[in-house]
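Enquirer: Here's the letter readout for the chains.
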Amino acid sequence: MRRVISLWLPTFAIDRINHRAYGKSQANPSGKTIDKPLATITCAHGGQRITAVNSAAQAVGIVPKQSLADARTLYPSLTVHQADPTADLKALNILREICERYTPWVAIDTFDNTPSNVSLWNTGLWLNITGCAHLFGSEEALLEDLFYLLKNIGYQARAGLASTPGAAWALARYKTDPQTKLWFISNTNEDIRNCIAELPMKGLRLECAIIEGLERMGLLSIGDLYRIPRAPITRRFGKSVLHRLDQALGDLEESLSPQRGRSTFSKYLAFIDPIGRREDIEAALNRLVVSLCTDLEQANQGARRLVLTLYRVDKSTGKVQISTSQPRRDPTHLSMLFREKLEIIDPGLGIDAIVLSASETNPLKVRQTGLNTNSIAEQTENVIKLLDRLVSRLGSDNVTRLEPVERHLPELASREVSAVSIPSGVKQDWRGPTHYPSRPLQLLVHPLRIDVIAEIPDGPPFLFYWQNHQRRVIAAEGPERITPEWWLIRGNMWKTKPLNNDVRDYYRIEDKDGKRYWLYRKGLYHPDNHPTWYIHGFFA
Amino acid sequence: MHPYIELQVTTNYSFLRGASHPREFATQAKNLGYEALAISDRNTLAGAVRMHVACKQQNIRMISGVRLDLEDSPSFLCFPTDRRAYGRLSQLLSLGKRRAGKGQCYLFLKDLLEGNVFQSGKGQVVVVIPPDEINSIFKNTLHKIRNKIKNNIYLSVNKKYSGNDKTRFVALKALTSSLSLPLVATNDVQAHLPERKILHDVLTCIREHCQINEAGFLLHANAEHHLKSGDEMLRLFADYPEAIANTVKIADQCRFSLDELRYEYPVEPVSFGSTPQQELSRLTWEGADERYPNGIPNKIKTQINHELTLIKELGYAAYFLTIHDIVRFARSRNILCQGRGSAANSSVCYMLGVTSVNPAEIELLFERFVSAERNEPPDIDVDFEHERREEVIQYIYDKYGRTHSGITATHITYRYKSALREIGKVMGLTEDTIQSLSSVVNWGQSNKRDLKEEYIREVGLDPTDPILKMVLDLARQIIGFPRHLSQHTGGFVITKAPLDTVVPIENAAMKDRTVIEWDKDDLDALGILKVDVLALGMLTCIRKAFDLIDHHHGRKLTLSSIPQGDQQTYDMLCQGDSIGVFQVESRAQMSMLPRLKPRNYYDLVIEVAIVRPGPIQGDMVHPFLRRRNGSEKVYYPKKELEEVLSRTMGVPLFQEQAMKIAIVAANFSPDEADGLRRAMATFRHDGKLPLYRERFISGMLQNGYELDFAERCFKQIEGFGDYGFPESHAASFALLVYVSAWLKCHYPAAFSAAILNSQPMGFYKPAQLVRDAREHGVEVREADVNNSNWDCTLEKITNIFPPPFRTEKKRIRNEVKFSSFLIKKSHDDGLEVNKCRSSKDRSTALRLGLRQIKGIQKTAAELLVNTRKQGYSSVLELKARTNLKSSVLENLARADTFQSLGLNRRRAFWAVKGLSVDAPLPLFKHLQEHQFQREPSVVLPTMRLGEQVADDYLSLKLSLKAHPMELLRPHFKAEKYITCASLTQLSTESLVLVAGLVLIRQRPSSAKGVIFITIEDETGVANMIIWPHKMEQYRQTVFGSQLLGIRGKLQREGIVTHVVAERLFDHSFLLGNLASKNLPDPNFVQSSDIKNNLSIANKKTRTPIPRSRDFK
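Chains as they are written, first to last, in the working numbering: chain E, 1 to 540; chain D, 10001 to 11112.
Read the hints as simulated data drawn from the structure, not as lab findings.
Quick reminder that beta carbons are idealized off the backbone N, C-alpha and C, glycines included.
Be aware that one or more of the hints could be misleading.
Derived list of chain E stretches under chain D, where covered just means 3 residues or more per stretch with a C-beta under 8 Å from a C-beta of chain D [stated by the list, open to error]:
hint: 1; region: 343–352
hint: 2; region: 500–510
Here are the simulated EDC-like pairs of lysine to aspartate or glutamate, each with C-alpha atoms no more than 20 Å apart in a straight line [what the hints assert, rightly or not]:
hint: 3; chain 1: D; residue 1: K10166; chain 2: E; residue 2: E360
hint: 4; chain 1: D; residue 1: K10166; chain 2: E; residue 2: D502
hint: 5; chain 1: E; residue 1: K497; chain 2: D; residue 2: E10195
hint: 6; chain 1: D; residue 1: K10885; chain 2: E; residue 2: E212
hint: 7; chain 1: D; residue 1: K10148; chain 2: D; residue 2: D10132
hint: 8; chain 1: E; residue 1: K319; chain 2: E; residue 2: E360
hint: 9; chain 1: D; residue 1: K10166; chain 2: D; residue 2: D10132
hint: 10; chain 1: D; residue 1: K10228; chain 2: E; residue 2: D458
hint: 11; chain 1: E; residue 1: K65; chain 2: D; residue 2: D10465
hint: 12; chain 1: D; residue 1: K10425; chain 2: E; residue 2: E485
hint: 13; chain 1: D; residue 1: K10469; chain 2: E; residue 2: E455
hint: 14; chain 1: E; residue 1: K495; chain 2: D; residue 2: D10465
hint: 15; chain 1: E; residue 1: K497; chain 2: D; residue 2: E11062
hint: 16; chain 1: D; residue 1: K10159; chain 2: E; residue 2: D458
hint: 17; chain 1: D; residue 1: K10639; chain 2: D; residue 2: D10708
hint: 18; chain 1: D; residue 1: K10160; chain 2: E; residue 2: D70
hint: 19; chain 1: D; residue 1: K10160; chain 2: E; residue 2: E477
hint: 20; chain 1: D; residue 1: K10159; chain 2: E; residue 2: E477
hint: 21; chain 1: D; residue 1: K10160; chain 2: E; residue 2: D458
hint: 22; chain 1: D; residue 1: K10840; chain 2: D; residue 2: E10862
hint: 23; chain 1: D; residue 1: K10417; chain 2: E; residue 2: D70
hint: 24; chain 1: E; residue 1: K239; chain 2: D; residue 2: E10454
hint: 25; chain 1: D; residue 1: K10160; chain 2: E; residue 2: E360
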């Protein structure tokens, strides 16, 4: 007989946040949770709405789907976090993997019958434990172990265990018990019938509108359906009602499919004797890379990210990850990128299996290679290869290029971005809105203070000293007046400083040797405040 | 100072572009020694009047102008040289605005160079603004422009400090020489001081919907776009002195002033050969004959003659005729209307039918309203039925044309909350931080400019955070900045000359509405008259009540034919029995009525005016009540005040009195008094108020008044600033108070039906209105598909004493044992109230209309009613005949409207659900559906009363079957709660425990943080007072509960009872259980924490009871 656990994680999103804030660590061994009211919010229905709450928030009357404004009325200093369904799903996937210790057959359950699908509060997992329970002694023992684990991680949960998924689902969510049990087991099909009879109609995983209709007829609990003739119900509410009922009662098969986290491009190699030497790992890796690349080629795909998972004999796992700046399926190149990292692998007591998977791929067509090896394409190819190696060795944050930024201050008008990052789609202008005057070819990181003789209040320089030489100005253009960004100034001077003391007048000047400089005067002229001069760059 | 005049001035009326107010520009221009200053906002004259007024105050000349932003060419500055040119410019803007949607203006080069409107710049000085890049396209366009506009055309040049200014100057100079165009210097001014650059950046971000750190090149690189002195400008343009000189040359040419916009009354059609004055006189005497069929009393005759003379003297006849015509139109369409405002309560208006307030009854001096001395135009607002006002508006448009009439604009300005919200966004605060911030403003301090640090801390924010500090600082600066134009509620400007030559006209957001650019203060400043066409829900209600009474009882009533001085009506009001009565139905008014005990019309005038922030803040209420009750002697500080204050027992209550005190006691001239009123009403940020205060108090002290009295008087005047309530308005409103009270007293059934049919309006929701009707002995019947119309209707009761209840209800009622208090009460009270209830009204019952039902549209209801004929006998028949959508039928079933078909709610719903959705197959088309679809019979669980009530509330927002509290009573009784009704029998200071549905939460600004909550149970309502410290303690309960339990001390003043809360309990969860199988068991509350925690899914988040009406 099939045995299915439906695990319900009612405060999953909040538990995950607690994790992040007070994750179990040396500093916080008790796994203490935030005991102030806490909620996650999202934008829905023309406003900010609560998606999940912790028990403290619930205690002050804050519930999911409430608007944030209402919640704040109840508790002004409510702590809120933006709901992050992607991160929730990721965390749920990790939990799913963890649960694979009970059965290889675990699936994520995100059925939500609420009209606005803003929350994950109905989140749960399916565990098909058919034939697995004896490994733990009994079903009861398995559940005990499961809940011990969940408690340790910090997830609140409830579970139902039955021979049909439908019944298990309903039990987990709607069965209440005076002894506040966290899980409910129903043993036989007959037992199911009695067990779920008194549960509310919502336990049937039906659309909200159907449940409301049934409730309107006075059909409040699942058992009420047992007594009603079937045809009129179907006529009024469609097939799904009885379909779900039959599934729950076991009269109709319901198949669920487990999700495995493996990507489509994945290769597996197991060893009879555990390996540990670097050469062995490298050899195994090479074999995997080659066969993975064959798969990729057949699918016209190239890898952007590869993950190598090592399963050690002590049941722990290790992961190594590489990423590329372009889609790739060149075995030598990919192996080389991995080799840069192999030294960080700790084989532990030995590795008995390795899995290589391409977690991120992009389309990559088969390309004809040219005869002329010095073609531009080849050269760029080489640059890219170099980039990949540099990135792989130094880390992606340490290999950078410059990108224009729309800021008036010249030193802020560009920024460093990771060399492998995809260029942002917005085409940005290097020079600014006026196109003219152009910026110097060479910009000093730190402008240098210089002595200048210039006309007051805002005339161009006549004469300046640079590298111990007096230089006479024969041509000057300007000023270009730039006010620093006031919102970056901390302290009380933010309203005046950028406009007076910090304002810059830039001049493009040429000395009599034909050299061109970029100078600026800092601060506006004022009888008791003489501006200072700086050199900031050189033109060609 | 070198003569220079700035021509390119962008004020904050170029919305979100200019960073200074017109008055700031004017002041700064004066400081810099300007002789004149131009205004050139983008395609608008919205700020022109403000600038005009400000410049006058600074004694400099304003040059009216506009920056024309075209769709297909560079922009122009345009300055009209005379009145006609101004008219053409205004018409050009109107043209562009009427083409576009709200707030937009689409103009093309063609409009400027060709066409009759602008006449190729005839009479204008045109300045072309070159683009950043001077390319061949621009040069070609300039050629084209030069060929069309021969005279007075210039090219502007400004120093941008962008590094290449010199090159640009040379290029522009070359261009001008080749076209022989003179150059003119401007500074493209967008702020009066360089410091405003910061605000300008923020405004730019608001406009472009971006954050400050992403704005990049949208922001100016520097702060040079401010007003500069002539010397500085000469230094910047040292090589081009002629460009500076040309500014003065242009200014000298543009001699047009907004003062030249003479207002002329529209010409009303008059009888052949007569002047408006003669026509007015004729109409007035005709009206008088109608009002007094037995001859006009001499006193009235004198009064009319006196008023007519004054009107003639001031030349206001045409204005009165216009009002009369609008009112006449409304009357011809059977639209109820009522004039109010300073001139409305005159004999002339009474005779013309503009108002129904008999001036003989209130003896107001006409001079008080229209005074020759003050030269203030008469002010008449006319209220119309809110559902039909649009007809009147369209009539005015039709009669005078869109070119001669338009609705006044309202300049929507930033308030603290909107400022915080938008600036918070710009500065990158997260949405929830912004919301927390604005929630602080929410609570009782929307107008104050300072947020206390502790409030900010309270919502979990750090007041020392630098970004937050910037946001608060900037928000304070931006308060009062205009944001966009909106339409005034109904202020019409009607002119003799085409209106679009006076001011640009644009489209409003609403269909078929056109609006001018100026608001009422602008119009006031220019002396242009407007007529306020306003909407009033109570007039709709009264009209509907009149119609019902006419239809059912054959009695024709009008506002003026209601019997005056009816003592039963005043008795009712003295009891505080005023739910549904105009103006006096609020909690505060209801508790005031028994204290004030109104016995005549003028008492009502006082009643309306007294419960207002002005008198309350000025602490005028208690002295007045004491004097009225005789416990304090009526005393006048000085003889001269007796004349002003005798009508209100020496206590100033009305705006007019406050003004009069300023004149009589503080030596203000009438003009100054009026200035004082304005200073408080609108231009509040001028900072003139302290000056007036000093002047007022010193004036009164000089005249020998006590400081305390003087300060109190001034405080009251301040209160009027927010909610001015002049006697003239109160007088008009009081009439409607009386009429609605009279209807409620004598025709409660008709009145209740009318008020339900006029929803939404007033203070109460249908549930309370129906409850009130039943308490007054009106039989209310449930909405039903066979008996109800869209509106609530009246039905004949054949048997005067209503049969107790129908069988079905009896059955469900018997299921739960409860006290039938409600029914008993309505019967007991019924006998007493029935004394005044008209016998005809007593024979009618109120049938709820289908409009009460959630999810039923008017069209669907009308279809249902029109095809009803003899009635429907089954759901199937109803579906077949009406072909209404299933969702509509479901909603009808939910509302339990199939009772006359013998179907209860559940069976009706079952039947509706059973109708097949698809059209029948062709083969079976001729068969009746039920003939071949025999179904096994189904027994549905019976509905308990609790479920019925819960469903009633969900669908109708009220239940005639029982009050939710009635069902929960056993629970509350066990917990020792008493009923609201029993509070009246307890002595003051006794400790009580009551519970009920929260109807209203209020935090009046005048009550210093005290919260008033009105709760309702099955026996009645009770008022709670919650002191601020209790509110803090029980915040969640106070704000979050729908079903509130209160333990506290009873306080009684007269017949008004309050409970001062000591402990509060949230019982809302009980409501969710109304429909569940078991009524709440007391153990529920003690459920363990973990269970509570995990039962979110089980928790019913939706309770059936509608939310209370809070803080309005």
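Enquirer: Next, verify each hint and record whether it holds.
Expert: Okay, the hints, checked on the actual structure:
| no. | hint | result |
| --- | --- | --- |
| 1 | 343–352 | violated (count 0) |
| 2 | 500–510 | holds (count 4) |
| 3 | D:K10166 with E:E360 | violated, 56 Å |
| 4 | D:K10166 with E:D502 | violated, 24 Å |
| 5 | E:K497 with D:E10195 | holds, 10 Å |
| 6 | D:K10885 with E:E212 | holds, 19 Å |
| 7 | D:K10148 with D:D10132 | violated, 24 Å |
| 8 | E:K319 with E:E360 | holds, 15 Å |
| 9 | D:K10166 with D:D10132 | holds, 14 Å |
| 10 | D:K10228 with E:D458 | holds, 15 Å |
| 11 | E:K65 with D:D10465 | violated, 31 Å |
| 12 | D:K10425 with E:E485 | holds, 17 Å |
| 13 | D:K10469 with E:E455 | violated, 39 Å |
| 14 | E:K495 with D:D10465 | holds, 16 Å |
| 15 | E:K497 with D:E11062 | violated, 54 Å |
| 16 | D:K10159 with E:D458 | holds, 13 Å |
| 17 | D:K10639 with D:D10708 | holds, 18 Å |
| 18 | D:K10160 with E:D70 | violated, 50 Å |
| 19 | D:K10160 with E:E477 | holds, 14 Å |
| 20 | D:K10159 with E:E477 | holds, 14 Å |
| 21 | D:K10160 with E:D458 | holds, 14 Å |
| 22 | D:K10840 with D:E10862 | violated, 28 Å |
| 23 | D:K10417 with E:D70 | holds, 17 Å |
| 24 | E:K239 with D:E10454 | violated, 59 Å |
| 25 | D:K10160 with E:E360 | violated, 51 Å |
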